[in-house]
Each structure stands twice: as C-alpha cells, then as structure tokens.
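Residue numbers (this note's numbering), protein chains in the order written: chain A, 720 to 1034; chain B, 720 to 1034; chain C, 720 to 1034; chain D, 720 to 1034; chain E, 720 to 1034; chain F, 720 to 1034.
Don't take every hint at face value.
Stated by the list, open to error - Here are some chain E residues pointing at chain D (derived, C-beta under 8 angstroms): (1) 732; (2) 915; (3) 995; (4) 1011.
As the list claims (entries may be wrong) - To be clear about the criterion: a stretch of chain B counts as covered by chain C if any three or more of its residues have a C-beta under 8 angstroms from a C-beta of chain C, and this derived list gives those stretches: (5) 723-733; (6) 1012-1025.
Bear in mind the hints are in silico, worked out from the structure with no lab data behind them.
For clarity, every value in this text was computed on a predicted model and none was experimentally measured.
All residues carry an ideal CB built from backbone N, CA and C; glycine is no exception.
There are 6 protein chains.
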Amino acid sequence: MTANAALGAHLQPFAGIPTFMRQPASRELAGADVCVMGVPVDSGVSHRPGCRFGPRKIRELSLLLWGYNNVLGVAPLDHLRLVDYGDVNAPPVDLRAAHTAIEAEAAAVLEAGCTLLALGGDHSISLPLLRAHARRHGALAVVHFDAHPDCWESEFAGHPYSHGTPFRHALQEGLIDPAAYVQIGIRGSTSSANDYADARALGARIITADEAQARGVPAVLAEVQAQMGRRKVYVSMDIDSADPAYAPGTGTPEVGGFSSRELLQYVRGLRDLHLVGFDIVEVSPPYDHGDITAVLAANLAFEFLSLLALQHKQG
Amino acid sequence: MTANAALGAHLQPFAGIPTFMRQPASRELAGADVCVMGVPVDSGVSHRPGCRFGPRKIRELSLLLWGYNNVLGVAPLDHLRLVDYGDVNAPPVDLRAAHTAIEAEAAAVLEAGCTLLALGGDHSISLPLLRAHARRHGALAVVHFDAHPDCWESEFAGHPYSHGTPFRHALQEGLIDPAAYVQIGIRGSTSSANDYADARALGARIITADEAQARGVPAVLAEVQAQMGRRKVYVSMDIDSADPAYAPGTGTPEVGGFSSRELLQYVRGLRDLHLVGFDIVEVSPPYDHGDITAVLAANLAFEFLSLLALQHKQG
Amino acid sequence: MTANAALGAHLQPFAGIPTFMRQPASRELAGADVCVMGVPVDSGVSHRPGCRFGPRKIRELSLLLWGYNNVLGVAPLDHLRLVDYGDVNAPPVDLRAAHTAIEAEAAAVLEAGCTLLALGGDHSISLPLLRAHARRHGALAVVHFDAHPDCWESEFAGHPYSHGTPFRHALQEGLIDPAAYVQIGIRGSTSSANDYADARALGARIITADEAQARGVPAVLAEVQAQMGRRKVYVSMDIDSADPAYAPGTGTPEVGGFSSRELLQYVRGLRDLHLVGFDIVEVSPPYDHGDITAVLAANLAFEFLSLLALQHKQG
Amino acid sequence: MTANAALGAHLQPFAGIPTFMRQPASRELAGADVCVMGVPVDSGVSHRPGCRFGPRKIRELSLLLWGYNNVLGVAPLDHLRLVDYGDVNAPPVDLRAAHTAIEAEAAAVLEAGCTLLALGGDHSISLPLLRAHARRHGALAVVHFDAHPDCWESEFAGHPYSHGTPFRHALQEGLIDPAAYVQIGIRGSTSSANDYADARALGARIITADEAQARGVPAVLAEVQAQMGRRKVYVSMDIDSADPAYAPGTGTPEVGGFSSRELLQYVRGLRDLHLVGFDIVEVSPPYDHGDITAVLAANLAFEFLSLLALQHKQG
Amino acid sequence: MTANAALGAHLQPFAGIPTFMRQPASRELAGADVCVMGVPVDSGVSHRPGCRFGPRKIRELSLLLWGYNNVLGVAPLDHLRLVDYGDVNAPPVDLRAAHTAIEAEAAAVLEAGCTLLALGGDHSISLPLLRAHARRHGALAVVHFDAHPDCWESEFAGHPYSHGTPFRHALQEGLIDPAAYVQIGIRGSTSSANDYADARALGARIITADEAQARGVPAVLAEVQAQMGRRKVYVSMDIDSADPAYAPGTGTPEVGGFSSRELLQYVRGLRDLHLVGFDIVEVSPPYDHGDITAVLAANLAFEFLSLLALQHKQG
Amino acid sequence: MTANAALGAHLQPFAGIPTFMRQPASRELAGADVCVMGVPVDSGVSHRPGCRFGPRKIRELSLLLWGYNNVLGVAPLDHLRLVDYGDVNAPPVDLRAAHTAIEAEAAAVLEAGCTLLALGGDHSISLPLLRAHARRHGALAVVHFDAHPDCWESEFAGHPYSHGTPFRHALQEGLIDPAAYVQIGIRGSTSSANDYADARALGARIITADEAQARGVPAVLAEVQAQMGRRKVYVSMDIDSADPAYAPGTGTPEVGGFSSRELLQYVRGLRDLHLVGFDIVEVSPPYDHGDITAVLAANLAFEFLSLLALQHKQG
C-alpha cells in the first residue's frame, strides 16, 4: 500500500517507478492470479540485440494502460490479482544456463498457482518457458505469432539453442501437442525451400501472412479455434509478426507483416480458448522510436490479461 | 513581396524561413481569408510533452505542399488569402492563463473575419478555441478525430482543464451542439466502462476505430454528413487518431488507429459540410522521426484549406 | 572463396563485410548474370539529401535475405551468378557529370551481358540508367512506382536535370516507349493541375494511389500486364511510393502511400513481364529509423532477383 | 527482502525494476537517513520540456553505480539507509499548485528526519524545496551550479514562477542566507547587463565559467568553503552547468560549460561543508543520447550520497 | 512591427517563426548594418551531406540568444540594425552555378553597405563569399578555423570546386592576402605529407590543434593579432574545428578538436581586428543531437555580432 | 585490383564497400604485415549490448582516414601491407565457444606472421586474443586503457568469463607479465574497496583518470615507457576510457574520462615501445550518434598502425 504509493498508483503515466500497470513488485506469489515476469535475455539473436531491455520498456509503457478494455468489456485488474515478479536472473554469457534459470524461475511461479505473462527477451526463451508449462500442464496447444517459423535445427553451427530454433526443440521434446500448433504471420525469405516443409513435418500448421490476409482475420481465428478446441493453450507472440512500420524495435524485422489493428483482433479472437500462458518477445528498445513497439507490446499484454480475466469471471 | 523573398518564395523546401506554405508572417489580418495560428502549449498533457514544438515543425513541413490538390481539384491559395499569424503568447506555467490568452487571440482573429486554422499544442487548446468560435458562431457542430474521448471531468485531481477534458467542458459550456457532435477513431483502454458512457451521455456520437473499420470510410462519412447537415462545423483533429506507425510523434500514442490514407479520405469527405474552423493538435516533434507525423499534419491542414477554398469558390 | 570468407559467407547477419547478399565484390563481370551497382548520388534532391548512403545501407540489410523466396518458389542465387560491382564514381558537385559517369559505367556492365540492379541514389539517376539500357535494348517499356510523376521540365530554374525531371527527359529522348509507360502510386500535392496532365500528354499512364487502392492490386497488375505485353521492361522503384510509415528514410515523404505488403505484391505481380532492368532509389538512411526503409528496399531488390531467376530458369 | 528481489538486487544493470540504486521503493521513512524523491515537473521551462522524465531515467542509470566511491573512499549505502520515495504528485497544468505539492511532500520527508536528494524536474522546483528546507533548518547557505543565474523577476509576463526565477524568490522569501550564496558556472548571453548585477544585488556571489576556469577548481572550492563556513548548506545542481557536449539532454543548453571531470571535482570538493540537502535538475531525456546526461546526473547524485555518508561516519 | 509580432518578438524560444534572433526577414537592406544570409548548399561535401539545413537550424537556436554579451559587455542589437536576408537561391545540381548565385547575392548585400554574416552550407561557399568581399574590399586577411586546410587542388577528379578546395582557389585568385592568412585547429590525417606543405607554400600559416593547445589561446591570439594588424579581416569558421563531442552535427568530423570554451575564447580574442565578414559553415543538423552543434554555431555567430557592435560603438 | 575497384579505392568516403581503409578483404595472409580482424561478440556485456556492430561501423568510418599521419610523419600503408580479414565466426549463445573461435582464428593470423589489429566486440575478447598472442610471444607486457579494471573474478555468478573479468584470467593464466601491466584511465564506482586492491595484488599498476590528469600525459607516458622497457607490448583500448561526451556509443559509460585529444596523445606516446598487438573494444553503434565514437576508434586504430609503420621503417 505504501509501497504502491512509492510506485506511483494514481500518478499520471510520466511519473512513478514503472512496475507493470503499477502493480506491486514482489516475489510473494501467494494469492496472486497472474505474474508478469521479465526475461531480459538476448544472447540468442542472430542479428540486432537489445531485447534484454524489452521488459523494462514494456513496463514503462504499460503505465498508459488505463485499466478498462472497452472491446472485451472487462477491467482485468478487477478480476485478477497481478504481481510484477521483476526479472529472471539469467546470464548473457551462456544461453543454456540462461534457459535453465528461466525454466526454474518460471516453474516456481507456476507451482505457486500463477498464470505467467512473460516479457522477453528473444524468442529462445519460449523453450524454457514451454518446458516449465509442460511440466505442469502436459503437452500444450500453441498459437504462435511470428514472421519466422523458428524451427531450425541449429542457427549457429554446433549450438542447438538460439532464437531461430525454439519450436523445433519444443516439438521434439514433446512440450507441444503437434496436433494443435498453429503459426500465424510467417513470411519472408528462408534458408531453403525446406524451412516451411520441415516445420510442417514437425506438426506446425503454417498460416502465412499472405494466407492470413487473403482469408481474413475471422476465418483464420475460426480455424485456430477448431484446431485448439478445449486444449490448454500457450500463446507466443513474436512482435516481428507485426510489420516493421508498426514494430521497428525488433532484431530481425521482416516486411509485409500485420498492422497493430490486425494483431489486436487476433489476440482478442482467442477469447474462447483455454489459455494457460503467454509470452511476448523480441521487443528491442534501442531500435524502437517513439516507443511505438513497446506500446504495441504493452497493449497485446493487456489484451491477454483481459482474456484471462474473462476466463476467470466465467470460472 | 520583398518580405516574401526573404521567407523564400520560389525556393525549394530545404531553403527559406518556414512560414506556413511560405505565406506572409503578419498580424495585418485585413483582407485575409484564413489565418494559420500556432498554439505552442503543452502543459495539459498527461504523458509526453513536446507538442509546443508542433507549430514550428508543421510550418517547416508545409514547405513540401506544392500548392495544387489533385484529388479535390483546387489550389487553395488561388482562392484564399492566407496569413501566418505566428504563435500565441501563452505561458506554460498556468494552463488557465494560457487558455485565456488563446481565446483572446483567437477571438481577435475571428473578429477580423478570418477563418482559423490552429496548429497545436495539446488538445486542451480546443476548449479556448471553441469558446472563441462559439462567441462568434454560436454553438458549433463538431467533428472530432481522436483515439480518446477527451471528456473526462478531471485528469489531475482538482484541476478541470487538461488534454483529457476539453470536450466535456465545451459541452457543458454550451459551445458544442450536442445534437451534432461526432467522435471518430476512439479506441484503447479507458479508466472505466463509464468513459464512453459519460461521453455519450454528454451528447457524443462515438464511432470507434473498430466500428469505422467495419463500416468503411464512406458509410461513416454519410452518417457524419447526415448528422451535421447545414450546421456550422468545427473540426478538431488529434493526430493520435492515426496509428503510431503513421504518427509516432505524439504524447499518448494508441495502437490500432487509422492509416494516413484513411485520415486523408475522412477529411476530404467533409467537403459538403459548412466548415468554420479547424485545429490539428498533439504533434510532438521530439518523439517523431523522419518528420513523418509533421508531414501528415501538414497534409491534413492542406486538405482542410482545400475544402475551405472549394467552399469559397462556390460562394 | 577466401575472398568470400573475408566477406562473411555463412556468418550471421551482424557479422562480415556487407556486399550485396554476401556475393563477391568484383569488376570481373565475365560470366555474371546480374550486377548490383550502387549509385551514391544525391545532388538532384529538392529537399532532404542522404540517399548517397542508400547503396551501403541496402547492402547491409541485404544480409537478412536468407536466400529462398517462399512465395515465388525460387532461390535466386541458385540460378543467377550475381556480382556486387560496388559504387559508381560520380561527383556530387555536378549532376550532369555524375550522370555521364553513371551512364558510362552502366553501359559497360550491360555490354558485359549483365542485367543491372541499381541501388540509388536519387531518382535523377534513372535517366542515365535508361540511356544506357536504351542504347542496348532500344526504347523501353517502363513500370514506375512513385509518389510523384517526376516529369517536371525543370525543378531548379535553368537546370533541366534533378530528381523531379528524369522521366520527362527519358520520354523526350525516346528512351521510353510512350505506349508502355505506367506510373503507380502517384499522389499528393503538385505545382499545378498541369503536372498530371503534362505527364499524361507525354505518354504516362498514371495510376494514382487512390485508384490503385480502389481497384485493388490484381486489377492494376492486369492492366500493367496488358500494356507491357512482351516488351522489354525496365522497373523503377522510388521508395517513396511506400507510405512514410513504411519508408520514413526518404527525401520527400508523401502520406497516403502503399504498405510494404502492397509493394511486395506489386513487384511479385510483374513475374510474367520480360524484365531487363531495375532500379530502387531515394532510400535516405539519415532519415530512416531501425533501418526499416532499407529492409524494405533490400526485400524489393530480392523480389526482383527472384523474378529474374524465374525468367532465367524458364530460359 | 523479497521486495528487493523483485526490484532486482544482485542483477546486472540491464535487469530489474529501476529504483534508485535498487533501494526499496517505499513511503515508510522511519529509520531512513536519505530519501530520493523524484519531482517530475517541467511546466516551468522556457524552451524544451521533457525533464519530467528526468527522475525515471536517472533511476535507471543509477543501476550502473556499483556502490563504492574510490575517490572518497566510502560505500555510501554501508552508512546510510536510503529509501526511494518515488515521485511527487504534481500537476503539470499549474506550476503554483505543483510547487505547493512539492513543498508539502518534501516537508513531510524532512519531518521524518530524512535528508532529501531530489531529482528534477525543472529548476523551478528548487523554490518549494528550499521552502521546505528553510522551514526546518532556517535560511540556508546555498551552492548553486548553473549556466544561468535564475534570478529573473519574471520570465512569463505576469507569472512570477518558472525555471528562470527560483533563486530571486528564495532570496526575497528569506530562504537563502544572502551572505552564503554562491553561483558557479554562470555564462552565456542574458537579457541585459542587469541580469548579473541584479543577482549580485540580491546577494549572489557569481563565479562565472570563465572565472572558474581561470582560477581552477581548488581555488574556487577554497572560496566556497570560506564563504559557507559551518552553515547548513543546500546544493542545487542544474545539469546545464555542464557543457552541452557532456549534458545534451537538457532544456536550455549553454555552450562553454564544465566537463564531467570538473563537476565531479566540484561536488567532491564540498566534503567539508555541512550539507543538508541536494537537488539535481533539468535532465531532459528526450534530448539526451546514449543516456550520457542521465549517467552524469546519477554520478553526481552518488557523489552527494558519498559526502553524506562521510558526514554520517564522522558523526 | 506587426511583422515582428508574427515572428514572435518577446515570445519564449519555443514559440514564433525562427528568423535570426527574431529580427525582420527582409530584402530591404537600406539602413541595415548587418545581414544574416543563409547559404543552404551542400553539394560540395565529400562525406555526409545535410548542411543545407544548417541555416534553418542555426536560426532556430539563435532564439536562445538573450541579447546581452556579458563577457564583451555589449548588446549587439543595441548598436547594429540586423536583417535576416533569408536564404540564397542556389541549385544543388551544379556547384559552380550555386557559387555564381552566392557571389551575386552576397555582392548585392555588400553593395548595400551591410556586413555579411553567412550561415552555411558547406565550406565551398567561402570561395564565392570571398570573391564578393574581395570585390569590395580588395584582398582580405583571413582567420580560418578548421580541422582541415581545405587547400586541395581538386577533391573530385576534374572538378576544382568542393568543400576541400576553397582556400587554394581563393589564394590563387588573389582574394586572400597570403601575408595574412592563418589556419587554426588543423589536425587529422591527410592525403599525403604534401597537404600541409602545399597550404604553407600558398601562404597559409597553419596552427595545428596540437600547437594551439601547447601554446594556449592567448599566445595564438597574439600571433594572429600581429599577423593581421589593421588589415580588413574575414573570419571563416568551420564548425569541425570543434571536437566531434562538441559538434557532432557536421560532415567530416575529426577527433582531437577544440572545446566550445576554446572556440568562444578564440572568437572573442579577435576583438581588436578590423573585421569585415564572417561565415560559419558545415553545421549538418541530420547528424546533430540535442541541437548542440547548432547551439554552438548560433553562439559563435553571436560573438561575432558582438565584436562588430564593439567596432561600431567605437566608430 | 579489380577487387579494389569494387571496394571503392579512390572513391570519396561516402561511396564503396567498407573494408578497413579500403584494403583488400581477404584470408590470403601471405605477405601481409598487419591484419585487421573484426570480433563481433557482445555476449559478455553487463549492460548495453550492440558492440557486435563495432567492427562494421569502425570499418565504415575508417574511410575518413586519408592516409598520412601528420603528427607522426608517416603514411602507414606505404610501409605496411594490410589485409582486412573480415570477422571471426563466433556464436553469441556461448561466450566460451566464442572465445575458442577467437583464439583459434587469431592464432592462425599470428602464425601467418601478421600483426593483429582486432576490432571488438566487448572486452571479454581480450582474453582469447592474449592467449593467442602469448602462445606466440610468451607473457606480454600490456598497456590497458579503460574506465574499469576488468579484473573481477566473476561478474555473473558461476560464470568466470565476461567483459568485467578478462585481465584477472589473463594474469592468472600467465599471459601477462605482472611486472609490466599498466591500466590507464580507471575511475568510477566499483563493487567495493577491494576492486582496485585486487587488481593491484594481481600486478596491475593502476593510473586512475584523476592521477593521469594531475600528472599530465608526458609524465604518465614516461612511467609507462620505463615499466615496459623493451618487452613485447600488447595494447588494449577500451573506448570507455574516453568520456561519454567523446564516446557515447559504448556499453557501460563512465563519466570523468579522457578527451579524444588526450587519447590520441597517449597512443602516439607509445611510439618507442615494442608493440606486437592491439585491440580496440566496446564501441557500440546503437548508442552512438553522428558516429563520433566510431570515428574516434578508427583514428586510434590509425595511430596504432602509424606506430607499427614507424617500427617497421626502423626495422
């Protein structure tokens, strides 16, 4: 309470210490429904680093989230007790060690009964996050927004883990139910014709940006809904699913992507799924401007919280 | 004439002293049809300031306006004598005092028989501008482009005026005809479910960004036309009605907004209204890049001038 | 090969010396199919310079092009031997002299049997490039993406050549077949009502941004296809055909332009034309952010290479 | 403790939620020795705003302060219990009201027995801070680092308070002992020859940047020491005392200023004074780059804490 | 007068239309003592362009010049009638033609009896400016601040004029008195050992940055004074004489340069010379940050005006 | 030769493909005297990454190095055959693996008889570089410019290698002769009083920034000369030895550092040492502006090459 005053409850967005939506910064998870966890790791990127600053910046922009979601008709914090966990302690010098730390800290949060909203960090973090979730929930259905399939076997010769490989490993480790894995927004050049084929062979249903545009948001969502059914769903949102015009602050920008409007519609359209986890990754503030990428990420996080709140309300 | 030479008539955009479209900087309003007035005030913002530099930057980018509007088929300066009034003298230390100054200077311009094209500054300036216009024209019909309803009672406890409150006060002061007040582009989170309800209760017809997209520009414009009829219309354009991709240089960016193409179509679509005033606000150059927000604002101002010129031609 | 190692073949995008798609930097053109040539000239611009740094930056971002085009189903470098010619030696102090140098160097490349992919530089360079191409191929069919017609008689009094005039001169010099010249994406204000009329009188079919949007990409492409037929086609891509949200890094940004998705579709849609040359111009890195304009340019170049490869495969 | 974990104790600088030097964010002041208070107010500036984001950014860069001061030989947090108060709740719309809030919150902190380290915010905040300090300590000796005397009667006609006037008002209100008031670093143009004369007439000993350079840091410090004696000293540090090369991120940059090395020496040289309060103002992050201004401010704050710790050790 | 109101006399720096120090924009030179002329030409640069925006930006920052020079004890505008001429009409496409235009416009100003304060633009403009001055005054003594000797024979093969060659041509054309030509601040790498030798053979007294530092400002100024005597002196200030830390916004930055403090001292130290002209060149706003380079340039211009005013006072 | 043409020999700095000083990009080291090697690794940083882009950016700015060193009186490329090796292939995901790759590639270059000039990358790379050098030369004398001692035992718990630890490991591995190891420029806060003590206990002679300033460059150089004697000397230059004003583009900026002038004097002052290797590290372009940090780094590299050339001339 006095802590909240110091964090800046009731202040305008420019003031106060930026925790996520001004909720308490704490490791006391008892009684919390949702836990926002920063994962400031960018040693897995193949081009521009900087997404280690993603969590801090998204928190800062979350202060612009006024609380009530007009489209979904819910004020998420009226229904969910949210705690800002702060950031995972993960060393940049060794990505495997970082993954171990992430998995351990995420697992502890899940064991405390919290739903996790993870803020990356590069996309390699989805692997330890999925490991922690699968440990608790079993193999997960996954809705994966991205410009890239991220199903390479290896991006740096001799090193299996990086931001271009997490979903192959997750599939191979049985963390993802291959019958319920959809990729949305895939586009751009790849190493070879095999990239898409390999991802499909592993179980991915690839909905390219072109297909998504041609069919329209509702049709895509209907397919996703049909495939996911009542499975437990983990959502992984790579901000580079958005076009660079909407999300310049990312490591491997890919033209021809979604608008912010489309991404909002996609996330809101997941409302009837059984959602159990969410990550938003690859926000790289040094390459952002006017914080527009971080604002988008903060809003997508807010939509996810709104879905959780609806789920919670409905029991 | 020699003054114009110094300002840079006939120079390329990179050269010369930036008055609006290279028109004379003057307080001699006799004979002028339109007056561009800068209102460099940003003490009313709840997040990022900087829109005090909006007028200067929009003038600079107005040098890219070559003169002829191909879509509307008119060269506005062939039909309108335009004067660049320069900027209002409004102190940042006291927003009420700034409003008093704005109202007084705007009223003097209107009394001189000029139509006013005001360049903000934050959205709080629409209140004194509407006061000046209502004094001359009576209660106004208003077309209001924005991401936010700006109808809060108070944004800073104990202080009624700020950039989130002008339209409530304008309605309550009788400056706006509640039967002819449309908000277009509203979106994003609000403080509570009451925000939209309150605005509606005050008379606002809210067309959200989602509704606008679903119905399309022509249908929205038809409704606006129907509601406005032959009333005298004031147009208030908050640049954050555009998506942050198109207008990053603003104080409270809100994702899911209009494209520049849509905004151009909306303004051009007001051509059959009886337009009497225009403001364009919340352009914050310190957060812009490549001046894209200021270019958009300059073009929207140009479209408004083109509408005025058409009105003028038709007598 | 050892040269390639130094340039960084097989390195990740952040490493190595940036030649275009890591191909050899060489003036040995024997056996090469395509030659990427930088034209670092920006003395022809009427507003913001900086596009002299376009070639270097586009090369840098080309390292993100992984090699296989999923939409067109081709890996261009499997079918085409590409050489990075480096940059033309053209002095900024005299645009005519620069044009002479560009024409001479381009002609030498064409004489060596290479197709040219030129990276500008401002749009004035299309004139000497067209001179070189016409010398070899005769009058060309031209598909010209731009916000501006670039058909002025003169932009700087007494000086015929600049970035606003190349296509008038190309038409008047007989370099372009006036029966097969399409401009796509034209918009914004012009000097007078005559600008479009003049361009049309010279032979240009102007498809404005508004018309393009109203009719849709496939209809526009069908018309282009019909008009071009089996003629030899030169494509000139001014990056300001994109909206400033997608391409802020340019000299004379114009709102209301294409999205990156639309531009990709347009270029891919030229696949059945008989393509003989390509330039991409007006990328100005000092005004870019997050390199998004250069990423777009690099991808458009990649699409063009893909089209060439398809043409090559099919003999 | 668990709170500290969430804030990121023991994390590297890029991780964790940025409180000042990772100390607890709290309004529980009992037992605290020093209180860091953010004062995010910039309605008093005459040119570029943005210093409302100063407190947040200085906190962020304070994470680079490793804890031990090698020059002064002290680890301040070993001797001082520090609390991060968060930010004052001060409305931008009315500077007088903001000052009232600042004075009240500062007074409460002082009453709790804490020494205050205030992070601005524009220089107008020194007036309410001095009011609060004088209420507790009586008229203060003041060491004032600045490019400008800040002793104008009024900067905006009819409005006495702004960032160019606080010290005149403080002197006239008897908050400063005119026998012990030194300004260091003054330079640049002024409104008239009277500006310096007026400040001197009010009691200020002006040591211009030129004089400071000519005499050298030790001589200046000796004079300051002599003048201050054993009086209670308040230090006000306007970051624009540094040259724009060292502190670009400020509202009214003035060339010819101090280097960072000189400023560090000046602050360290105050070690034998009886220090009771400190503010550091005018850090404007939107105009900073590479955060160099905020790093300088964070280090100057750290030097002040080190002096306090030495004072504390010595009883 | 009403014109002045529109330009913003008495407004704070953030407001109003930026003419130099808010003086009238006019081509009426009768009765004017000094004329500020913008020369927005950057076609002569060998690396980064952008200094065409120098005049506009320096004017903008000149609004921070409060009017009274405390060090020199003079308010220049109390003694000098200053007119802002606006910008020369010089085409970027042909540097020779640009030089012809500059010389003609400068000559007309000088013939009107005004002293010229030229704001560049790249350093090539000093050649036509010296031509105009020499036409009126005969061969000039020149004090030239720069990192580079700018005495190359040719920088672009076959083209004698560019920003690296003006002083060779000026010497060869007899515009400069070789017995009274001093270069101050020269440093950095050159094409060969001959660069300095050539400049010296032409008459230049080169005081390198190293020599200047070793001897100190007063000793250097004494030598300059001795060499200049009572000759008519033209001062050419290349902003890259400052270190990139103080002047990042320039085309060919050279490390190891002067601080802003040193440059101020150098210009003030010219007070006993017979000054007849001044240019300040190579300010490139696209590469500046926080406008620190433009602030420095504006202050150096102010110092020069102060010297002129002193000269004027003393008859 | 034709390769050189493509790289841009004889072009101005804005043109051509940026190899270091336009020398050939090659892995053919036979006959080469010096090899410039990029080491694009930044997984060892504790705060801001981005120095993986250091090598590319320093190469780009090296195009401003005109060839002749006026202070040292030598044109290094007249005496040294220089090859640009390109970049090491080092994975960001595992710093130990990166170090193994760096050591192997560096060792191969040294075995080919080349002197190595390494461009980082973060400071952790000095460890594998010293390993390679010590393997060839035995334990090295080291002159180390830095703000930080970089002698921590571990920066990330459980991980010995990172940018804060290389010199402890180098000393412990016997790569550095503890009798000839000088650190220059050390300053700022440290973890504890032990940081300096520990470094000293390991053999480092720490010359702090304060001591360096107090004694002056010549005195410091004399001590360095005396300590190094005729030993083989490796120079490691952390760009953060410069003040953030001069080198903002770095990961852990520390105020109170050297000016560019001082750093140039320090490097030139090493001319009588027996130099065998050099690295320049921690240049982080995403945090630079106007490329001033990269220009400084390129010039320091040029000074080192000049020293090598002098050594070479003298046999």
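Which of the numbered hints above does this structure break? When the structure is compared with the hints, numbers 2 and 3 turn out to be violated.
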